[in-house]
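**Q** These are the residues of each chain, in order.
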Amino acid sequence: MARVFDKYLRQRITRRRMLQASGGTAVGAGAIALVGCGDSGSSTNGGPTAVDEGEVTKDGILHSSHGAVLPTLNLFGAAALIPNISFGFTVFDHLFFVPLDTQVAEFFLATDVEQVDPEGLEYLITIGESVFHDKPPVNGRAVLASDIKASYEAYAADNLAPGLGWHHDILESIEVVDDHTLIIKQNQPYAWFFHPGGAGSVASSNIIPVETLEDSFDLGRDLIGSGRLMLVENRAGEFFRLDRHPNWRIEGEPWLAGTESSLIGESAQAQASFRAGEIDSVGLSNKLEADEMAAQMGDAITITRNFSRAYHALMLQLDRVEAFRDPRNRRAINKAINRQELIQGVEFDPEGGGFSGPIPPAQAVYALPDDEMDEYFRFDPEEAKSLFAETGFDLDRTYNLIFYLLGDEQQKRAQILKGQFEAVGMKVTIEGQDLLAKWLPQTLPNGDYDMTAYTQLPYDDPHFPMSFYTTHSPLGDAEDPRGRNNMAYFNEELTAAIDDSEMELDEEVRVEKIKDVVRMMIADEAPMINLYSSVSYGARHNWYKGTLPASRGSFAAFNGRSWIDTNLRGA
Amino acid sequence: MWRFIVRRLTFIPIIGIIISAFVFVMLRAFPQFTGDPAVNICGLNCPAERLEIIRHELGLDKPIIVQYGEWMGDVLTGNMGTNYYGGLDIADEIVRRLPVSFEIMLLTLVFGGTIGITFGILSAVMRNTPLDYGVRFLAVFGQSLPDFFLLVLLIVIPSILFNYAAPIGGYVAPWDDPWTNARMFVPPTLILSIGGAAGLMRLVRSTMLEVLRSDYVRTAQAKGLHPRAVVLRHAFRNTLAPTITVLTFILATAFGGALILEVVMSIDGLGAFFFRSVIQRDLPVVQFTVLYTAMIVVFINLLQDITYAYIDPRVRFG
Numbered sequence: 037m038a039r040v041f042d043k044y045l046r047q048r049i050t051r052r053r054m055l056q057a058s059g060g061t062a063v064g065a066g067a068i069a070l071v072g073c074g075d076s077g078s079s080t081n082g083g084p085t086a087v088d089e090g091e092v093t094k095d096g097i098l099h100s101s102h103g104a105v106l107p108t109l110n111l112f113g114a115a116a117l118i119p120n121i122s123f124g125f126t127v128f129d130h131l132f133f134v135p136l137d138t139q140v141a142e143f144f145l146a147t148d149v150e151q152v153d154p155e156g157l158e159y160l161i162t163i164g165e166s167v168f169h170d171k172p173p174v175n176g177r178a179v180l181a182s183d184i185k186a187s188y189e190a191y192a193a194d195n196l197a198p199g200l201g202w203h204h205d206i207l208e209s210i211e212v213v214d215d216h217t218l219i220i221k222q223n224q225p226y227a228w229f230f231h232p233g234g235a236g237s238v239a240s241s242n243i244i245p246v247e248t249l250e251d252s253f254d255l256g257r258d259l260i261g262s263g264r265l266m267l268v269e270n271r272a273g274e275f276f277r278l279d280r281h282p283n284w285r286i287e288g289e290p291w292l293a294g295t296e297s298s299l300i301g302e303s304a305q306a307q308a309s310f311r312a313g314e315i316d317s318v319g320l321s322n323k324l325e326a327d328e329m330a331a332q333m334g335d336a337i338t339i340t341r342n343f344s345r346a347y348h349a350l351m352l353q354l355d356r357v358e359a360f361r362d363p364r365n366r367r368a369i370n371k372a373i374n375r376q377e378l379i380q381g382v383e384f385d386p387e388g389g390g391f392s393g394p395i396p397p398a399q400a401v402y403a404l405p406d407d408e409m410d411e412y413f414r415f416d417p418e419e420a421k422s423l424f425a426e427t428g429f430d431l432d433r434t435y436n437l438i439f440y441l442l443g444d445e446q447q448k449r450a451q452i453l454k455g456q457f458e459a460v461g462m463k464v465t466i467e468g469q470d471l472l473a474k475w476l477p478q479t480l481p482n483g484d485y486d487m488t489a490y491t492q493l494p495y496d497d498p499h500f501p502m503s504f505y506t507t508h509s510p511l512g513d514a515e516d517p518r519g520r521n522n523m524a525y526f527n528e529e530l531t532a533a534i535d536d537s538e539m540e541l542d543e544e545v546r547v548e549k550i551k552d553v554v555r556m557m558i559a560d561e562a563p564m565i566n567l568y569s570s571v572s573y574g575a576r577h578n579w580y581k582g583t584l585p586a587s588r589g590s591f592a593a594f595n596g597r598s599w600i601d602t603n604l605r606g607a
Numbered sequence: 009m010w011r012f013i014v015r016r017l018t019f020i021p022i023i024g025i026i027i028s029a030f031v032f033v034m035l036r037a038f039p040q041f042t043g044d045p046a047v048n049i050c051g052l053n054c055p056a057e058r059l060e061i062i063r064h065e066l067g068l069d070k071p072i073i074v075q076y077g078e079w080m081g082d083v084l085t086g087n088m089g090t091n092y093y094g095g096l097d098i099a100d101e102i103v104r105r106l107p108v109s110f111e112i113m114l115l116t117l118v119f120g121g122t123i124g125i126t127f128g129i130l131s132a133v134m135r136n137t138p139l140d141y142g143v144r145f146l147a148v149f150g151q152s153l154p155d156f157f158l159l160v161l162l163i164v165i166p167s168i169l170f171n172y173a174a175p176i177g178g179y180v181a182p183w184d185d186p187w188t189n190a191r192m193f194v195p196p197t198l199i200l201s202i203g204g205a206a207g208l209m210r211l212v213r214s215t216m217l218e219v220l221r222s223d224y225v226r227t228a229q230a231k232g233l234h235p236r237a238v239v240l241r242h243a244f245r246n247t248l249a250p251t252i253t254v255l256t257f258i259l260a261t262a263f264g265g266a267l268i269l270e271v272v273m274s275i276d277g278l279g280a281f282f283f284r285s286v287i288q289r290d291l292p293v294v295q296f297t298v299l300y301t302a303m304i305v306v307f308i309n310l311l312q313d314i315t316y317a318y319i320d321p322r323v324r325f326g
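Residue numbers (the working numbering), protein chains in the order written: chain H, 37 to 607; chain R, 9 to 326.
Keep in mind that the hints were calculated from the coordinates and are not lab data.
We treat Cβ as the ideally placed atom computed from N, Cα and C, and that holds for glycine.
Accuracy of the hints is not assured; some may be wrong.
So the derived label-pair ranges between C-beta atoms look like this [unchecked claim]:
1) H:A331 x R:G86: 50 to 56 Å
2) H:V268 x R:G86: 25 to 31 Å
3) H:V268 x R:R241: 32 to 38 Å
All chains should be modelled from the sequences, with the hints used to inform the complete structure.
**A** What follows is the structure, given as structure tokens:
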């Protein structure tokens with residue numbers, strides 16, 4: 037399964053090519069991806085369906101849904117990840133972004149980037165002309181280099197939001213040269229500078245007008261950016277309406293007049309709304325649902341099938357369960373997991389997923405070859421039992437496995453894992469928690485669990501997948517003298533190896549270093565045990581056109597050329 | 009009659025104070041359930057100074073009696089503050105969502121009452137006929153099935169058979185777009201009213217059967233009155249007291265039904281707001297909504313008492 041991505045990722049790139057790639061403005065994306073946004077909403081294996089702009093009807097509103105209430109719009113603080121990701125693709129503009137398939141930086145607002153020194157410590161960035169949305173207090177003024185400086189510095193000052201490692205640890209300074217030029221200095225070379233792990237993040241590199249960063253502006257109530265869509269209505273996180281930015285820097289785009297996203301918590305309701313044409317696309321849980329939808333709707337819809345970039349993981353907390361400090365017990369846990377049973381039980385399809393090691397299979401170029409991973413994936417309950425016996429693992433204690441409540445799959449996975457752990461003698465209880473109110477802002481970052489099973493976001497590069505194993509993880513107590521890691525896993529040697537790989541600017545050398553890092557993780561039975569990546573299914577009405585292939589990664593969500601054929605659907 | 013109403017009305021503030029104080033104290037007396045609101049907002053890693061600022065902003069550093077007094081003052085002046093997550097103005101949210109829940113409750117009452125009374129009377133009058141058997145079977149069937157199950161069927165079956173689903177995108181008032189409003193609310197409230205209608209049907213049937221065997225009904229029939237007049241004007245009037253009891257019960261429980269309906273069908277009403285606030289431990293919203301729910305029940309009971317007094321003068325003089 038992992039090899040599916042090889043054809044996109046085998047292309048070797050160099051630093052020079054990355055910097056030469058200029059003016060590659062986003063062709064991308066219309067879908068508002070709210071809460072758990074990822075690779076299902078706008079992804080399709082059909083590829084772009086419209087290229088002749090003359091045929092395009094530009095008065096269509098994309099109707100979509102989101103599965104949970106967005107508790108706040110605030111881009112900063114403990115719950116900031118979700119609003120940043122939800123609107124980072126649409127309301128806000130960015131300097132650049134690196135698509136998964138090419139790994140070559142595409143410039144957005146940036147029109148030129150000059151690497152000043154060979155170590156990549158300093159970048160001179162020139163930005164193009166763009167204006168913010170016409171809402172007070174910004175009132176549609178021009179985007180300035182000083183806004184970028186203020187935005188990045190605001191993220192750097194946020195000690196609560198996850199995923200700000202680059203801002204906190206590597207970003208040294210930003211100097212504004214003039215209204216359209218700035219210099220970004222780093223305190224070390226950083227391979228992911230252009231990537232979502234660095235200055236190209238949709239979650240933490242949104243370009244925010246300086247006026248809205250002042251205390252007088254309530255960021256919890258409204259968002260003003262310079263992205264191709266502007267937020268015009270937010271009903272308590274349950275309904276969003278975004279209209280086309282009339283002065284978007286790419287003339288003639290976006291092709292959508294706007295998007296509307298309604299809260300639909302129940303998947304049955306979402307599918308019913310899709311059948312009725314109330315929403316234009318819908319995520320489907322598995323092949324069974326996809327087949328049923330195809331049988332019911334026939335040629336009126338397109339079923340999409342993609343290998344997800346997201347991956348399901350299990351985290352063990354070493355402070356909460358001292359026995360998890362022993363790698364033999366962690367190995368026992370891994371050996372107790374039958375990944376194939378999980379795929380069959382949750383996806384209802386033996387081909388519905390691919391096993392995931394520490395690097396998810398979507399990033400195949402960095403993952404170890406299958407023959408090296410076979411031992412890691414091997415299901416062996418007898419070995420698990422014997423390892424538990426060898427270490428004297430406390431089988432009388434009850435271990436709590438926490439999952440978040442969103443759809444049915446998380447609970448199913450937790451139930452199957454519970455059964456598998458009980459089969460090797462463990463006593464396990466499972467507990468579902470509200471995703472946005474409890475699990476995401478508290479349980480996960482604070483390590484308030486014995487074990488937690490969840491789905492990782494669909495990352496575009498290995499930075500975040502590796503960062504969870506470091507002593508400066510995006511999750512965990514920042515004040516902990518041992519370092520920051522929500523699993524309380526403090527492996528200095530592994531952290532040093534990961535840091536070293538991230539400072540390696542040569543692509544080929546970096547790939548090998550990352551593979552070595554993965555080998556170290558496996559050898560130490562690191563306590564974040566990845567399970568598998570799902571094959572994700574979705575459906576879209578045939579009037580929803582111009583979507584981009586999933587192989588583009590998150591870049592597809594920047595698609596300004598998605599459109600609704602109002603001749604087919606109606607306005 | 010007016011004295012009776014005034015007497016009943018004087019109890020409302022007392023009940024309101026007791027309920028609100030109870031809820032207020034309970035929500036603060038068990039921090040293991042509610043957690044520290046400041047930590048809930050800011051997270052466990054939040055710096056201590058920031059936690060203190062949040063507690064101060066929320067007034068949590070004051071004695072509980074002061075907190076309660078201030079909160080009650082705010083409620084009475086319509087200033088309910090903002091919720092913890094997102095800073096929404098609670099009063100604005102309630103004003104926006106109230107019509108949604110109110111319409112659900114009203115339609116549930118209308119449908120439940122109409123179906124229950126109509127078929128209850130028909131079943132009693134046409135006793136031991138196929139219609140009676142059918143009505144009784146449906147009554148038991150309707151009472152046996154939980155609302156949420158029927159609602160899921162309502163979502164799934166029409167969408168598969170007719171590609172039909174309720175409109176999304178938020179509340180549309182009946183005077184703005186009656187057709188969209190009807191599509192949004194009539195099918196689910198019909199489903200929601202089934203349980204209450206079934207109970208009411210059985211009650212009306214058994215009470216009517218009792219009344220139809222009375223001497224005065226036999227006399228009315230012997231006088232040659234039209235059967236419709238006998239049933240509706242003479243017999244049914246004597247079933248009104250228990251019927252009203254059940255109708256007010258339907259209305260009171262319709263709030264719970266509205267909550268389920270709003271959550272299952274993603275309708276942005278007060279029930280869904282309340283449900284999420286409980287999950288998120290958003291105390292200001294929970295406090296007010298519990299008070300609001302209690303007040304609704306109190307007013308429904310008042311309405312019931314007044315109606316009793318109106319239809320049966322013995323009640324107000326008793």
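**Q** Between H:V268 and R:G86, does the C-beta distance stay in 25 to 31 Å?
**A** holds (28 Å)
**Q** Between H:A331 and R:G86, does the C-beta distance stay in 50 to 56 Å?
**A** holds (54 Å)
**Q** Do H:V268 and R:R241 keep their Cβ atoms within the hinted range of 32 to 38 Å?
**A** violated (58 Å)
Against the hints set out earlier in the document, a violation occurs for number 3 only.
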